[in-house]
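Taken in sequence, the protein lines are chains A and B. For what it's worth, our numbering labels the leading residue of the first sequence as 1, then goes sequentially. For what it's worth, our numbering labels the leading residue of the second sequence as 1, then goes sequentially.
Rather than coming from a laboratory, the hints here were simulated on the basis of the structure. The structure presented is a predicted model; accordingly, all values stated were derived computationally and were not measured. A few of these clues could be false.
Claimed, not checked - So the derived list for chain A, only partly shown, Cβ under 10 Å to chain B, looks like this:
no., residue
1, 22
2, 26
3, 48
4, 49
5, 59
6, 60
7, 62
8, 107
9, 158
10, 164
11, 192
Where is the CB? At the ideal position from N, CA and C, for every residue including glycine.
Letter by letter, the chains look like this.
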Amino acid sequence: MSDSAVTPPRSPAESRSASVDTSILAIFLEFLIIGATSFGGVVPYLRAALVTRRQWIDDKEFIEMLSISQSLPGLNATNMAVLVGEKLRGLMGSIAAIIGICLPGAVVMYVVGVFYRLHGDHEWATAALKGVAAAAVGLVLYTVVSLSKKALSRKFDFVFMAATVLAVNRLHWSVPRALIVVGLVSVLFHGPRVGEKARAWR
Amino acid sequence: MNQIPALIRVFAYLSLLTVGGGMAAFPEMKILTVDVHHWLSFPKLIHLYSVGQMAPGPNMMMIVAIGQWVGGFAGAIVTLIAFFAPTALLAFLVARFWKRLERWPWRKSIQEGLAPVSIGLLLAGCFTMAKGSVTGLETGAIAVCVLLMLLQYKINPAILVVAGAVIGIFTLSAQ
């Protein structure tokens, strides 16, 4: 764990936020608040807290961290917590952030799990849950649409997307198999152009 | 029978499949928790996932409820750790080394190439879930309405999920 006052700043953006000495407790509490209030998706709450209110990171860093979070396995929320925590206070910062963001939801779902086991078979509960499940399908579809708008740069990307769906739902491939096979082809397709490669290795 | 080791194995594995979002792991989660280990039924898995959308924080916290059913309090704790520790460790290592890879030409290719696949995995998970939850005209209408409302208005999704519950009570309880 490095003392942020001693380590030399690596970039202008970092030097600005490094001057704010952030305690482990402050990191934990901030992520605890995000974890307890972020109903319906964590990303906007993360941005409001980390960029706007606390100014621990700037917008450019936020977007870069988000794109890293999205291409790694793991949920955006927890990956962002780890990345921001690491940036602020290294390993302990990461641990404080991820525990903070997970704790409230985990407690809620623990209680829900206990209640569901006791009362989940009631007629009205089953009916409510059917409605909730249908709404959740619409919600995931919306996520798919909005991510496609943002993240797909070429028309051909839709072929890779469709291939992944067919592999999992029709051919019943396991998720890792689909990920490795289709992912490999797609990454090669998006491979650096010859010119770029030559420039990078020169 | 002690199910704790099985919980750790299953959820640590599922953890690594959540590329692009928790939903990406859903088809595999259905196979492992419902078909292989018989920890819960498919409708219950769908219900838990959906209720989880109303809870604050990371949206896969429903795994805590599965852990609790299978192994009590200890089950809930190990499930939580097994599901989040592997990817957290990976993210931590990447945070340390990603800056150094900035000039590596394949870095951008990997990001761009994985994007359509991770969206495809989300969609596949969504279809798996729809098979169990969109069973008729009413549920289909709810799903489509939620999608259209979110595309059209800046509205908090959690509110729509609650609305789904209310509509469900009024239209689906007779079935």
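A quick look at each hint next to the structure:
no., hint, result
1, 22, "violated (16 Å)"
2, 26, "violated (19 Å)"
3, 48, "violated (13 Å)"
4, 49, "violated (13 Å)"
5, 59, "violated (18 Å)"
6, 60, "violated (14 Å)"
7, 62, "violated (14 Å)"
8, 107, "holds (8 Å)"
9, 158, "holds (7 Å)"
10, 164, "holds (3 Å)"
11, 192, "holds (4 Å)"
Hint compliance for this structure: hints 1, 2, 3, 4, 5, 6 and 7 are not met, and every other hint is.
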